[in-house]
Structure formats: structure tokens, C-alpha cells
Amino acid sequence: MTIRYTRDHEYISVDGDTGTVGISDYAQAQLGDVVFVELPSVGKSLAKGEEAAVVESVKAASEVYAPVSGEVIGINAELENAPGTVNEDPAGKGWFLKLKLADPAELDGLMSEAAYAEYLASIS
Amino acid sequence: MADEIAAETLKETPLAGMHQAAGARMVPFAGYAMPVQYPAGILAEHAWTRDHAGLFDVSHMGQARLVGPDQASVALALEALVPADLLGLAPGQQRYTQLLNEEGGILDDLMVARPPTPSAGEGGELLIVVNASTKEADYRHIAGHLPDGVTLQREDGLALLALQGPDAVRVLDGLAPEAPGLAFMQGMPMSVAGIPAYVTRSGYTGEDGYEISVANGRAADLWAALTASELVRPVGLGARDSLRLEAGLPLYGHDINQETSPVEAGLAWSIAKRRRQEGGFPGRVRIAQEMAEGPLRRRVGIQVEGRAPAREHADILDGEGELVGKVTSGGFGPTHGGPVAMGYVVADVARPGTQVNLVIRDRRVPGEVVKLPFVPHRYKR
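Residue numbers (the numbering used here), protein chains in the order written: chain A, 1 to 124; chain B, 1 to 381.
Everything labelled a hint here was simulated from the structure, so no lab data went into it. None of the values given here were measured: they were computed from a predicted structure. Even glycine gets a Cβ: it sits at the ideal position worked out from N, Cα and C. Possibly wrong hints are sitting among the right ones.
Interface residues of chain A toward chain B, partial, derived using beta-carbon atoms under 7 Å [said to hold, decoys possible]:
hint	residue
1	Gly32
2	Asp33
3	Val35
4	Phe36
5	Glu56
6	Val58
7	Lys59
Construct all of the structure, not just a fragment, from the sequences and the given hints.
Below, the structure written as C-alpha cells:
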């Protein structure tokens, strides 16, 4: 399993040709309490960088973008009743959606765990 | 770089050190670095205020005194700019009103208090609290319209703390024995934990509570004395916004502005009968007409179906899909347990129970016009 990050603080955790997408711990902390997550429908095709979901904190709405291209093959329906899971466990139970990767080579353009940690250090 | 320069020029309140010590996240607001939330987070801070007592730093707001030879001169000077009855304001009473422009639009909303007795050497006195973002313009406007003998004195040396929630009275009882005796919208000078202050029973959350004006140099001591109670936790601007939104209270620059009149905004209750009859305030023609015939649009609450909050600027459509208004404040109401919004709609859609649609990210979400507030007020009248 490989985990990759975008500069917009999405992560994609890859297992074979399936990726699980969510937002990083840094992102959830910046947003504050999450009160609603709007997820795409299963079967939707997303291009890399396209809006995949919207996460709403008490204060504001923020877009979540597809880290790579692919088809949505699953969404985390639990978030509808428990959006706070995104704050409590962003890398685990707070995942947003699963993608069937269209082009695994797109992962090469994303940051590794170590590179993302360096990136966070550079922006804070 | 632009951000860094802006950050350097932000003003701080005398409580900046307390916020930092409490782990607050600071954001720019009306030219000040202000705490938007503490580590507990907005939902927890909101709930704590509804259940116990939240402590807010609102020192960015503008405090000033109007003084003159006698109370009537001071009251009449301000009455020329607002539609409230200030001549009839009893000693120790406070009133909510609006500075109006000639078209009846709202330049700012403000609190006006008459102290039980004027300060030494003054014949008449009113204490005012205005919004942070408008205070410079307000002061210029007021000072530019005063008759000879009445003067506006900025009180930039004062901080303002708000203690809000059902336990506020218990907390203050131990520190200021005179505080529980105040009713909603009453105030007086008193000592709080040994610190000289002017205390009013008022606030911006819909809860019982107090606003405490104190010298900048004693603000941190007062903050420490209040937070020493286990019933008190600090609350940031984030929860202040969700609390006032649930309470149906308008936010200047969003729900009310220079275009909206007090009648449209649902604030006609704050226009005294004597003032309606006599006039003598800016925008009287429009306000009299709106009171007689009804305004063209009204500020209303909107109950949004589902979980997605409708935010400021969202379009409001009627059953036929026609644009009938805009959301001016919207978000998640933690106590209400779902999205809450307020906005202006044309008059024939303003009746509670009217079905509307809100446009959220190009989707139409059903909603219903409802009476404000979303969460009942719990003032101690």
C-alpha cells in the first residue's frame, strides 16, 4: 500500500489499481469541525484535479480534488451521519471515496509521506 | 509576502497574550488579530456557551462616550442619527439601535447605554458600543453631526469581554454581587473580582449573559479571574457567529448594510412609537412608508432541508424557480442540529411556512421560510 499527497492536502492510499481518497490530518485541523461532506455518485469519472467532493466546516465550504484520474467505485456513506469522523480519523474511517485508477503513472507526480512532511514544514 | 505585511499591521487587543496561551487560532478580523477558535473547536465552544458560560474577547468593538451639559441634550443629539427613543432611556438602561443614512439604510448597529449617574463633571452621558469594522466611519459620522456642547469621546483605552450562557450569572455572582440584580439590557459600574468595570446584562448569543467593559490594563486580570471558574471556557469568533445566527441576530455588513432599512431587517421593534410619530431621524420618509405599506423585502429565517449548509450569497428561488432573494448569513447550527440561514426575500414570499429552493453548488435544495430565532432566546427580563 502506497500513500501519496497533493499540494491541496488530499491523500490517496493505493492498493493495486484502487485508491482511497481523503484529506490529510493537517487539512482537517485547518478546516476545524467538519459538519457536512458532499460526495460524488458512484460510477462518476473524475479527471485529475477535478472537484471530487466538498467538505463543509462550521465556517466555510472547501473543495476536495481528485488526486489522480479514475472512476468513483465507492463512497464513505458513514460520513453523512458522522461528518466529524473526518476530524477524528482522517487517514482511516474518515476517508471520502475510492477510485479505480485510470493511469497509475499519475501517482508519480504526487508527494510521498516524507515529501509531504517537508512541504508542510515549508508552508507553516 | 502580502499576507506577512498584512499580518504585521494587524492590531491586537489587550488579551492577545491570553489567547496565545490558550492555544487560539488567530485570524484577521476588521483590522485586528482575533481568536476564531481555541483548541476545543467551534462546535464544542458553541455547545459550552449554550450549556454553561463562554468568555469572548470583543475588545475590537468600538467604545465611546457622548457627553454634554445635561442628559436631554446628549439624548437628542444622538436621536438625530438613530430611530430609538433615547430621551426616554432610564438611568441604568441600555438600548439597541441603528445609525441611519438619509435613505434609511443602516450605517451601523449599536448599543446605547445610559449610566445610572453621569461621570463626574458631566451633566449628561451615553455610552455607545459600535462594530469594529465601521467604528472609524461611525465616529466621524457622529462627531460631524453633534450640536455645540455635546462631544464624542473615544474610549480606546477600554477592552470589552462578553460572558455568555446560562451559568454566566452564577460565575459573576461570586465576583460581582451586584451583577445578578441587573435585568436584560440594564447596566451599571461595578467591581468585578476587584477590578473596576461597567457591566451590562446583554450579548450577542441569544443566551443570558453580560458584557463587561474594563480598562485595557486590567483586561487580562479580568480574563484570568473569569476563566478561573470551571464553568467558563474561552470562545472564539467562529462560535460567536454560529451562536448569533441561531439566535437570529443580524451581523452588520452581511445581514444589514447601507441598503437595508431597519423595517426590512425586521428591526422595527427597535423604533420607538414616539419616534415613529415625531420623526426627526434620517430616512424617516422611507421608514414611515415601509411601516405603513410593508417593505418590499424582508429578512427571514430559512430552514434548509438536508445537511448541506446554504452560505451567504446563495440564491433563493420560489416554487416557479424565480429568483426571490439571497442568503445573507448561513451555516451549520450546532444547537439546531442542521443548516440554518437568513436572508432577504420579496414580501410575498416572507410568510413563515412558504416553501422555497436554495441554490447550493448549482443544485436546488428545498427550504422553508421560518420565524427567527432558530434557537429561543433565554434573556433574563
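The hints, checked one at a time:
1. Gly32: Gly32 of chain A check passes; min Cβ-Cβ to chain B is 6 Å, inside 7 Å.
2. Asp33: 4 Å, holds
3. Val35: 4 Å, holds
4. Phe36: Interface hint status for Phe36 of chain A: holds (5 Å vs cutoff 7 Å).
5. Glu56: 6 Å, holds
6. Val58: Holds: closest Cβ of chain B sits about 4 Å from Val58 of chain A, inside 7 Å.
7. Lys59: Hint on Lys59 of chain A: holds, closest Cβ of chain B at ~6 Å, below 7 Å.
The structure is consistent with each of the numbered hints, conforming to all of them.
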